Amino acid sequence: MNMATVTKLKLTPPVDLSVIIPVTGRFDPPETLYASYAQALKKTGRSYEIIYVLDGPYPQISTMADRLAEAGAPVRAVGFNREFGEAACLREGTRRAIGGSILFLPAYSQIEPGAIGLVIDQLKTEDIVVASRDRKHDRPLNRLRSWGFEMLAKVAGSRYADPGCVVRAVRRRVLDEVPIQDEQHRFLPLMAELHGFRVGQVTVPQASSDARRPQHRPAVYLDVILDLFAVAFLLRFIQKPFRFFGTVGATSIVLSALLAVYLLYERQVTGVPMSDRPLLVLDALLVIVGIQLAAIGLVAEIVLFTRNDGRTHYHIDTIVEEEKTLG
Amino acid sequence: MGVYLSVVVPSFNEEENLPLLVEQISAALLSYVGNYEVILVDDGSTDATFAVAERLAAQDPHLRVIKFRRNYGQTAAMSAGIQHARGDVIVTMDGDLQNDPADVLRLVELIDSGYDIATGWRRKRQDGAARVFVSKIANGIMAKLMGVAVRDSGCSLKAFRASLIKNLPMYGELHRFIPALSRLAGARLAQIEVNHHPRRFGVSKYGFSRIYKVMLDILSVRMLLSFTRRPAAWHSPLTSVVLALGFLSLVAGFAADARISLPYLTVGVLWLSLAAILISWGMVGQLLASSNQRVSNYATLGATLSARVAHLRSGEDEHGNGN
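Protein sequences appear in the order of chains A and B. Position one of the first sequence corresponds to residue 50 (the working numbering), numbered consecutively onward. Position one of the second sequence corresponds to residue -18 (the working numbering), numbered consecutively onward.
Excised from the complex, chain A in its bound form (with noise of 0.2 Å):
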């Protein structure tokens, strides 16, 4: 029996490994940075490039890269004339990769590099592998805040440990069908499993100079969490906003109904006038509250429902049927 299967073009990428290093702000002396991840990646066997992508000038990475290049090594920067963020970098950084999977690392030790090859190696049987740090070493409050960071990302809906590492696996293909969002960038494994993809994680040994590392600013937490909510929202209700305005509007009317209900006994009962009470606005701006966030989830119905154009979001893996009814 004759099976048509849709078979891919098999192209030999002309590197295994595209390593790609954003610069953004943070970094380690890059030259000791360099060595080490050049001999933990040489230890792999795969041929490899690295690709810096400064978010904006820094002249002592590009001047190592440049050198580094003259000197036959398979490394390259990219600059960005002004600050653009990280998924800008990473994005370009991908863009310009020639590689057949892509690794992300970060300008700043966060793992030992050591590690590199046990992430690398599990990208035979999965899509994308996520590194998380094991923080057995690190000091208390590090964990204390990693461990929140965690929770949060959980009720969000990620399964994933550590989503401030920044190094991750991933095939080609993964990037070519899931965008790098900006802001979105730290929960690219979220968003490929939505795509179908499949995900690993490995927990690699923190690297000690990280352990000691005071972390981000307050600001860069609060950031993160509102992204997190974002993107916990688009998994939940990408195809269904209404049931959330919804939910969330309808709870504000009940809400009123009940806040007038009370108003009504207080008035009949007990006879304290309900029309010049403050609580008698609250109700009618509860309903008006309710109204709007449902509206809400109106318009983003019709926005979907508009900007659907032929896309499916789902994600079809195989296609088993005869040749000859084709015709």
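It is worth saying that the hints were derived from the structure and are not from the lab. Any given hint could turn out to be false.
Not the full set, but computed from the structure, chain B residues with beta-carbon under 8 Å of chain A [what the hints assert, rightly or not]:
{"no.": "1", "residue": "48"}
{"no.": "2", "residue": "49"}
{"no.": "3", "residue": "50"}
{"no.": "4", "residue": "53"}
{"no.": "5", "residue": "204"}
{"no.": "6", "residue": "228"}
{"no.": "7", "residue": "232"}
{"no.": "8", "residue": "247"}
{"no.": "9", "residue": "248"}
{"no.": "10", "residue": "266"}
{"no.": "11", "residue": "269"}
To give an idea of the chain B side of the interface with chain A (calculated C-beta under 7 Å), a few residues [what the hints assert, rightly or not]:
{"no.": "12", "residue": "38"}
{"no.": "13", "residue": "57"}
{"no.": "14", "residue": "201"}
{"no.": "15", "residue": "255"}
{"no.": "16", "residue": "265"}
Once the Cα atoms are required to be at most 30 Å apart in a straight line, the calculated DSS-like pairs of lysine-lysine come out as [to be verified]:
{"no.": "17", "chain 1": "A", "residue 1": "203", "chain 2": "B", "residue 2": "194"}
{"no.": "18", "chain 1": "A", "residue 1": "203", "chain 2": "A", "residue 2": "91"}
{"no.": "19", "chain 1": "B", "residue 1": "194", "chain 2": "B", "residue 2": "117"}
{"no.": "20", "chain 1": "B", "residue 1": "48", "chain 2": "A", "residue 2": "203"}
{"no.": "21", "chain 1": "A", "residue 1": "173", "chain 2": "B", "residue 2": "117"}
Here the structure is a predicted model, which is why all the values come from computation and not from measurement. Glycine is no exception: its CB is placed at the ideal position from the N, C-alpha and C atoms.
For chain A, the structure is supplied; the task is to place chain B on it using the hints.
Just chain B now, kept in the frame of chain A:
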């Protein structure tokens, strides 16, 4: 040789049911004269459903299998099956053997006799009392809100004219509203009693979980329908109520004693501001409609079907429709 009839079967973790199902469908369609195909959509099953389906497809040339990368839900599975169907008539049914494949041909006959959509009505439902009750309430609400009496929207066994179903929006939970949607678009709807069997294997994988979700879905579908008809006016019933409330409170405030007029006025102004916001959202909706051609496509689809139905309505009555 073109395919005339496509049977779409979404299945999620139905490895035990599949062989029997395919056998029953083949048996039921043995007497069918046209060319048919059966499309099994594997909705990201975690068991051996795909392997079983593949094996069956190797034996039966009528069978096609679509495998999802992961679980996307029943609507997505139906939608994928429908979009890949090659037949002029499309029949959807559950993959759990609760629908009787013997009913497929009866539905197809109805389409052949001129109806655009034929739905099954599980008169003797073989499910738990709670499930039946929830679905009864859902159907009742739907009938009230949409003005369309569909006896059993939850029944997956339906037959459609391909030109109709391929043009209807399908995402979220919309597949449950297809009868209502198409009826409002003016399609001729027939409803017949179909057999319903208790499950043999496994447990039910799909279903309306909570009644309030159904109500929310109904509201949004109702709104989308009026939006496709008149993009400027989807919010107008609500807006007019809000405006009336606002003016009423203002009038009451001015007429009332000075001591108590302030809260009335405040409430009135709040309502009016809500009206302003709703009107603005209405404009946003219009903007979205004007920058998108599909909306007018749906309106046209509705209009053409309505024209046909007006032409036919004088003589013909609908099957099994009480009102």
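To see whether the hints hold, each was checked on the structure:
1. A hinted interface residue such as residue 48 of chain B counts as satisfied when its beta carbon comes closer than 8 Å to some beta carbon of chain A; here the least separation is about 4 Å, so the hint holds.
2. Using the Cβ-Cβ criterion of 8 Å, the hint placing residue 49 of chain B at the interface with chain A is satisfied: the shortest such distance is roughly 6 Å.
3. About 3 Å separates the beta-carbon of residue 50 of chain B from the nearest beta-carbon of chain A, less than 8 Å, and the hint is met.
4. Here the hint on residue 53 of chain B is kept, as its CB sits about 4 Å from the closest CB of chain A, short of 8 Å.
5. At its closest, the beta carbon of residue 204 of chain B sits 5 Å from a beta carbon of chain A; the interface hint therefore holds under the 8 Å criterion.
6. Here the hint on residue 228 of chain B is broken, as its CB sits about 14 Å from the closest CB of chain A, past 8 Å.
7. Among the interface hints, the one on residue 232 of chain B is violated; its C-beta lies about 14 Å from the nearest C-beta in chain A, farther than the 8 Å criterion.
8. The criterion of a C-beta within 8 Å of any C-beta in chain A is met by residue 247 of chain B, whose closest approach is roughly 5 Å, and the hint holds.
9. For the restraint placing residue 248 of chain B at the interface with chain A, the shortest Cβ-Cβ distance is roughly 4 Å, inside the 8 Å limit, so the hint holds.
10. Given hint, residue 266 of chain B at the interface with chain A, holds; its Cβ is 5 Å from that chain's nearest Cβ, closer than 8 Å.
11. For residue 269 of chain B, the interface hint holds, the least distance from its beta-carbon to any beta-carbon of chain A being 5 Å, beneath 8 Å.
12. The beta carbon of residue 38 of chain B is positioned within 7 Å of a beta carbon in chain A (closest approach about 5 Å), and the interface hint is therefore held.
13. At about 4 Å, the closest approach between the beta carbon of residue 57 of chain B and any beta carbon in chain A falls short of 7 Å, and the interface hint on this residue holds.
14. The interface hint given for residue 201 of chain B holds, since its Cβ lies 4 Å from the closest Cβ of chain A, which is under the 7 Å cut-off.
15. Checking residue 255 of chain B against chain A by beta carbon gives a least distance of about 5 Å; that is within 7 Å, so the hint holds.
16. For residue 265 of chain B, the shortest C-beta to C-beta distance to chain A is roughly 6 Å, which falls under 7 Å, so the interface hint holds.
17. About 24 Å separates the Cα atoms of residue 203 of chain A and residue 194 of chain B, which keeps this hinted pair within 30 Å; it holds.
18. At most 30 Å may separate the alpha-carbon atoms for a hinted pair to count; residue 203 of chain A and residue 91 of chain A exceed this at roughly 36 Å.
19. About 15 Å separates the Cα atoms of residue 194 of chain B and residue 117 of chain B, which keeps this hinted pair within 30 Å; it holds.
20. A C-alpha spacing of about 29 Å is found between residue 48 of chain B and residue 203 of chain A, which places the hinted pair at or below 30 Å, so the restraint holds.
21. Annotation: proposed proximity of residue 173 of chain A to residue 117 of chain B is violated, straight-line Cα distance about 50 Å (limit 30 Å).
In the structure shown, a violation is registered for the earlier hints numbered 6, 7, 18, 21, in ascending order.
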